[in-house]
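K.L.:
Hey, can you work out the whole structure from these sequences and the hints?
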Amino acid sequence: MKRIHLLGGVAIAVSALVGQAAWAEKDKSIESIEEYRQALKDGNPAELFQASGEELWKTPAGPKNASLERCDLGLGAGVVKGAYAQLPRYFKDTNKVQDMESRVLTCMETLQGIDTKEYVQAPFDTPKKNDLNALATYISGESSGVPIKVSLAHPKERQMYNLGKRLFYYEGGPHDFACATCHSQEGVRIRLQELPYLPSAKGAGSAWSTWPAYRVSAGQMWSMQWRLADCFRQQRFPEPIYTSEATIALSMFIAATGNGAVMDTPGIKR
Amino acid sequence: MKQTFVFSLVALTLVVAATPGHSADNSWGSGADDKTFDAMLQSGFKDRGIATVDRLKQDSTQKFCSDPVSAASPKMEKMRKKIEAENLASVKWPSDGKWLGDWKEGEKVAQSGKGLTWSDKADQVNGGNCYNCHQISPKEIAFGTIGPSLYNYGKIRGNSEEVLRTTWAKIFNAKSSNACSNMPRGGHMGIITEKQIQDVMALLLDPQSPVNQ
Numbered sequence: 094m095k096r097i098h099l100l101g102g103v104a105i106a107v108s109a110l111v112g113q114a115a116w117a118e119k120d121k122s123i124e125s126i127e128e129y130r131q132a133l134k135d136g137n138p139a140e141l142f143q144a145s146g147e148e149l150w151k152t153p154a155g156p157k158n159a160s161l162e163r164c165d166l167g168l169g170a171g172v173v174k175g176a177y178a179q180l181p182r183y184f185k186d187t188n189k190v191q192d193m194e195s196r197v198l199t200c201m202e203t204l205q206g207i208d209t210k211e212y213v214q215a216p217f218d219t220p221k222k223n224d225l226n227a228l229a230t231y232i233s234g235e236s237s238g239v240p241i242k243v244s245l246a247h248p249k250e251r252q253m254y255n256l257g258k259r260l261f262y263y264e265g266g267p268h269d270f271a272c273a274t275c276h277s278q279e280g281v282r283i284r285l286q287e288l289p290y291l292p293s294a295k296g297a298g299s300a301w302s303t304w305p306a307y308r309v310s311a312g313q314m315w316s317m318q319w320r321l322a323d324c325f326r327q328q329r330f331p332e333p334i335y336t337s338e339a340t341i342a343l344s345m346f347i348a349a350t351g352n353g354a355v356m357d358t359p360g361i362k363r
Numbered sequence: 493m494k495q496t497f498v499f500s501l502v503a504l505t506l507v508v509a510a511t512p513g514h515s516a517d518n519s520w521g522s523g524a525d526d527k528t529f530d531a532m533l534q535s536g537f538k539d540r541g542i543a544t545v546d547r548l549k550q551d552s553t554q555k556f557c558s559d560p561v562s563a564a565s566p567k568m569e570k571m572r573k574k575i576e577a578e579n580l581a582s583v584k585w586p587s588d589g590k591w592l593g594d595w596k597e598g599e600k601v602a603q604s605g606k607g608l609t610w611s612d613k614a615d616q617v618n619g620g621n622c623y624n625c626h627q628i629s630p631k632e633i634a635f636g637t638i639g640p641s642l643y644n645y646g647k648i649r650g651n652s653e654e655v656l657r658t659t660w661a662k663i664f665n666a667k668s669s670n671a672c673s674n675m676p677r678g679g680h681m682g683i684i685t686e687k688q689i690q691d692v693m694a695l696l697l698d699p700q701s702p703v704n705q
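These protein sequence lines map, in sequence, to chains A and B.
Using this note's numbering, the first residue of the first sequence is number 94, and each one after it goes up by one.
Using this note's numbering, the first residue of the second sequence is number 493, and each one after it goes up by one.
Bear in mind the hints are in silico, worked out from the structure with no lab data behind them.
Predicted model only: the values in this text are computed from it and were never measured.
Glycine included, C-beta positions come from ideal geometry on N, C-alpha and C.
Honestly, I wouldn't trust all of these hints.
Cβ-Cβ distance ranges computed for the label pairs, FRET-style [as the list claims (entries may be wrong)]:
| no. | chain 1 | residue 1 | chain 2 | residue 2 | range |
| --- | --- | --- | --- | --- | --- |
| 1 | A | 238 | B | 649 | 52 to 58 Å |
| 2 | A | 249 | B | 686 | 35 to 41 Å |
| 3 | B | 524 | A | 279 | 24 to 30 Å |
Listed next, the in silico DSS-like pairs over lysine-lysine satisfying Cα-Cα at most 25 Å (straight line) [stated by the list, open to error]:
| no. | chain 1 | residue 1 | chain 2 | residue 2 |
| --- | --- | --- | --- | --- |
| 4 | A | 185 | A | 157 |
| 5 | A | 210 | B | 647 |
| 6 | B | 527 | A | 189 |
| 7 | A | 221 | B | 538 |
| 8 | B | 549 | B | 596 |
| 9 | A | 222 | B | 538 |
| 10 | B | 606 | A | 362 |
P.N.:
What follows is the structure, encoded as structure tokens:
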């Protein structure tokens with residue numbers, strides 16, 4: 094607890110500095126954000142979530158009093174190392190393309206006998222979602238250093254990619270926004286926040302390889318599901334349902350486009 | 493409406509079939525796997541606050557612009573012109589005949605990015621989001637770059653009737669001059685009020701505004 098508090102203090106100090114940087118010259122401010130990011134890398138608060146995620150993974154729970162250690166994340170039951178780098182992927186047992194988070198929910202149901210409805214419905218930043226975010230941090234951390242290798246071999250994987258691409262360009266709502274409005278040009282920003290050009294290998298690779306990430310300004314650990322939900326909020330869209338096909342399709346589009354980039358998780362962000 | 497819709501589908505299909513290199517990749521846009529895509533939208537979202545699922549329904553402009561390769565192709569020139577004309581026809585000109593309001597109020601509208609997300613309230617004052625995408629007053633250096641710089645906007649263009657009209661039309665309905673503009677249709681979609689448009693007009697065009705110093 095004490096440690097978390099200390100880190101909170103760091104977070105506030107950094108966001109204050111980043112705020113000030115807004116008034117400095119443009120390139121300089123982006124440079125200094127980069128510096129803080131580097132400075133924080135040594136003590137990424139995400140490590141705390143990694144540790145609690147590992148504990149959640151290994152501790153028996155649910156009506157079946159089982160741990161998640163036998164969960165098949167795609168590389169065989171119990172293999173966590175490198176699994177995140179190959180997700181989303183098609184799973185035969187569910188006959189679905191799943192991302193890491195939807196797959197963990199499946200394992201909670203089958204191995205632990207947990208009804209996951211409440212986990213799906215819980216708002217972000219409440220205990221149930223925080224557990225899932227901790228698990229996401231642990232699992233993704235076990236792929237750090239591993240190149241992204243998402244398969245498009247199965248017809249359902251290709252279909253998911255195409256659906257994700259179509260949703261990426263799907264314009265709607267009062268602001269006529271699509272993901273593409275903000276993420277489809279090289280080198281642009283909103284205010285001072287740089288926007289990755291997601292349809293390119295470079296943009297998608299740098300984005301996909303650095304989530305889940307600890308968000309310094311919010312003092313929160315965000316998974317990709319949370320990242321996407323907040324972009325949909327800014328897009329003025331209704332709320333995406335956690336682990337819905339729409340969110341998995343977008344993830345499939347970004348992850349497969351980013352193939353080859355090396356996972357650097359957990360990330361740390363503004 | 494319905495006619496536009498049918499026409500755009502036919503036109504899209506034609507382009508996809510006729511453009512070499514594009515035909516190999518007709519696997520994802522409008523016309524490909526429509527039922528699955530619609531089902532995915534239906535099952536993927538829920539109402540939250542003011543951001544309800546009916547926002548997923550597209551008007552004909554949004555639909556056309558959701559396949560950027562097709563929308564930007566030379567074959568679609570006529571369609572783009574048609575969409576621009578439709579959007580221009582929807583522009584409401586200032587009811588009191590006044591083009592310019594108060595640039596100081598306009599600065600506040602340009603600064604604010606608030607409004608219409610699921611964490612906003614229906615009765616709050618929305619912002620114009622302008623600094624998210626544009627450089628405007630030189631005093632604000634935290635500006636985005638999705639749109640062009642508007643610094644010295646009035647100083648460069650003057651404020652002839654023509655400039656006043658085109659600028660009003662752009663802010664009221666950005667798609668009136670560029671079918672698939674990335675800029676929101678501020679007045680058309682009810683994001684900002686007539687008074688707010690008059691105020692940002694002043695920010696861009698009033699000789700006293702810091703934009704034109």
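K.L.:
Evaluate each hint against the coordinates.
P.N.:
Hint check results:
no. : hint                       : verdict
1   : A:238 to B:649: 52 to 58 Å : 54 Å, holds
2   : A:249 to B:686: 35 to 41 Å : 50 Å, violated
3   : B:524 to A:279: 24 to 30 Å : 27 Å, holds
4   : A:185 to A:157             : 23 Å, holds
5   : A:210 to B:647             : 59 Å, violated
6   : B:527 to A:189             : 17 Å, holds
7   : A:221 to B:538             : 19 Å, holds
8   : B:549 to B:596             : 36 Å, violated
9   : A:222 to B:538             : 18 Å, holds
10  : B:606 to A:362             : 23 Å, holds
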